[in-house]
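A.B. asks: Heads up: the sequence lines are chains A and B, in that order.
Mapping of the first sequence onto the working numbering: position 119 corresponds to residue 119, and the numbering continues sequentially without gaps.
Mapping of the second sequence onto the working numbering: position 51 corresponds to residue 1051, and the numbering continues sequentially without gaps.
Check each hint, because a few of them may be wrong.
As the list claims (entries may be wrong) - List time: in silico DSSO-like cross-link candidates among lysine-lysine, alpha-carbon distance up to 27 Å: (1) Lys57(A) / Lys1042(B); (2) Lys26(A) / Lys1057(B); (3) Lys1015(B) / Lys118(A); (4) Lys190(A) / Lys1015(B); (5) Lys138(A) / Lys108(A); (6) Lys47(A) / Lys1086(B); (7) Lys47(A) / Lys1042(B).
To be verified - Listed next, the stretches of chain A that the computed footprint assigns to chain B, with coverage defined by at least 3 CB atoms under 8 Å from CB atoms of chain B: (8) 49-58; (9) 61-67.
What the hints contain is simulated information worked out from the structure, not anything from laboratory work.
Think of the CB as a built atom: it goes at the ideal place given N, C-alpha and C, for glycine as much as any other residue.
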Amino acid sequence: VPTLHTLPGSAPEITEGYIQMFYLSKIEHTLRLPPHLLNLPVNQAIKGELEGLFLDKVIADLGLCISIYDIHSIDGGFITPGDGASTYTVMFRMIMFRPFVGEVIAAKLKESDREGLKLSLGFFDDIHVPEHLLPMPKQFEPESGNSNQGRWIWEFNGDNYPIDAVDEIRFRVHHVTYPSLPVEQEKASKPFAPMIVTGSLDADGLGPISWWV
Amino acid sequence: MKTIPCNPAPKRDKKMQKVKANDGVLTNFEVLNFLRSRGAGKDLTRVIAPIAPSEFKVYDYLEQTAACSQTRGSIISFVGKSKQYKLAEAEILNLINIRPSSVVEIDPIVEECDKRMGEGVEELVEMVLQVLPTPPSQMQSDDQVEFNKDDVREG
């Protein structure tokens, strides 16, 4: 399946640092096929193993693995002595998800508290909009009393524009980080996020789509 | 979401190497098309098609974006017609994925939009509206606009 940049008359060649929300990454990986898979066609067994290994997992600096796109080559099939499984070296491509800084993306509101917003794409949840990247002037309206949960309201031209979970919210990617795995995690701590996208709503055209359309 | 980063594992029989970190970008449409070609849209039970639950989540997201009504032809046409606006490739692909229908929606996508495009941004909006299909969510509001115009004429 040709991708956009290989079609005639399309955009010039991709420069090294340029990534879009979704892109292809070519990987070479060596894996073992357990004996119980030997009755399956090799391609299918290998694709299954690769999917189990990579799908929905984050590779630092490359992003979140979405799908196995294609398999270029499979080498090997040797069985090492004393081992029932055979070893293969596979060259394949994966669809990766990794937004670029400056990219505008549509998301849904997941959480809203004093620290800011948490947005979600359904398949990816770790999008933070810290309160200093919300449009100003702004005000936080707690759910009740001193609650940490509540909604943010943008004040513009004497009108109030609340950020609710009603419609699509467009944010711009501010930066992407890959925290390293903590050595120990306390029981009550938040689940570890291997990739965090920090977004901004602080520009015209960003925020709930109903503000602009 | 997910678990630890896939670093090369210490086990002697598992080894991962990045051969080419960036082997080409994909528009949202191309990813959606890829999932559709594997049967994502056809299996209502979601257990028959060879698609992982995490992939279905990507499918569900993309079906709610402008990509759901786009075609390869309209995207190729859009890329060609964008050349005259001297946009960065990232900006062109972002325009395709978001399919803005007004100047204010284009503003956050094109860096220094005012300075670089001036009045040309209105032409760009027209071009987007003409070349890229209307997403289902926008179709409703477009119809309503038409309805109001007729009212005014008769009144």
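A.B. asks: Is the Cα-Cα distance between Lys47(A) and Lys1042(B) 27 Å or less?
C.D. replies: 22 Å, holds
A.B. asks: Does Lys1086(B) lie within 27 Å of Lys47(A) when you go C-alpha to C-alpha?
C.D. replies: Violated: Lys47(A) and Lys1086(B) sit about 41 Å apart, past 27 Å.
A.B. asks: Are the Cα atoms of Lys1015(B) and Lys118(A) separated by 27 Å or less?
C.D. replies: Cα-Cα ~35 Å, so violated.
A.B. asks: So is the stretch 61-67 of chain A in contact with chain B by the C-beta rule, three or more residues under 8 Å, or is the coverage claim wrong?
C.D. replies: holds (count 6)
A.B. asks: Keeping to a limit of 27 Å between CA atoms, is the pair of Lys57(A) and Lys1042(B) held or broken?
C.D. replies: Given that 27 Å is the threshold and the Cα spacing comes to 26 Å, the pair holds.
A.B. asks: Verify the proposed pairing of Lys138(A) with Lys108(A), using a straight-line Cα cut of 27 Å.
C.D. replies: Satisfied, since the Cα-Cα distance of roughly 20 Å is no more than 27 Å.
A.B. asks: Hinted pair, alpha-carbon criterion (27 Å max): Lys26(A), Lys1057(B). Please report holds or violated.
C.D. replies: With Cα atoms ~23 Å apart, Lys26(A) and Lys1057(B) stay inside 27 Å; holds.
A.B. asks: Verify this for me: three or more residues of the stretch 49-58 of chain A with a beta carbon less than 8 Å from a beta carbon of chain B.
C.D. replies: holds (count 7)
A.B. asks: Is it true that the CA of Lys190(A) sits at most 27 Å from the CA of Lys1015(B)?
C.D. replies: The hint is violated at about 30 Å.
Consistency with the previously given hints fails for numbers 3, 4, 6, ordered from lowest to highest.
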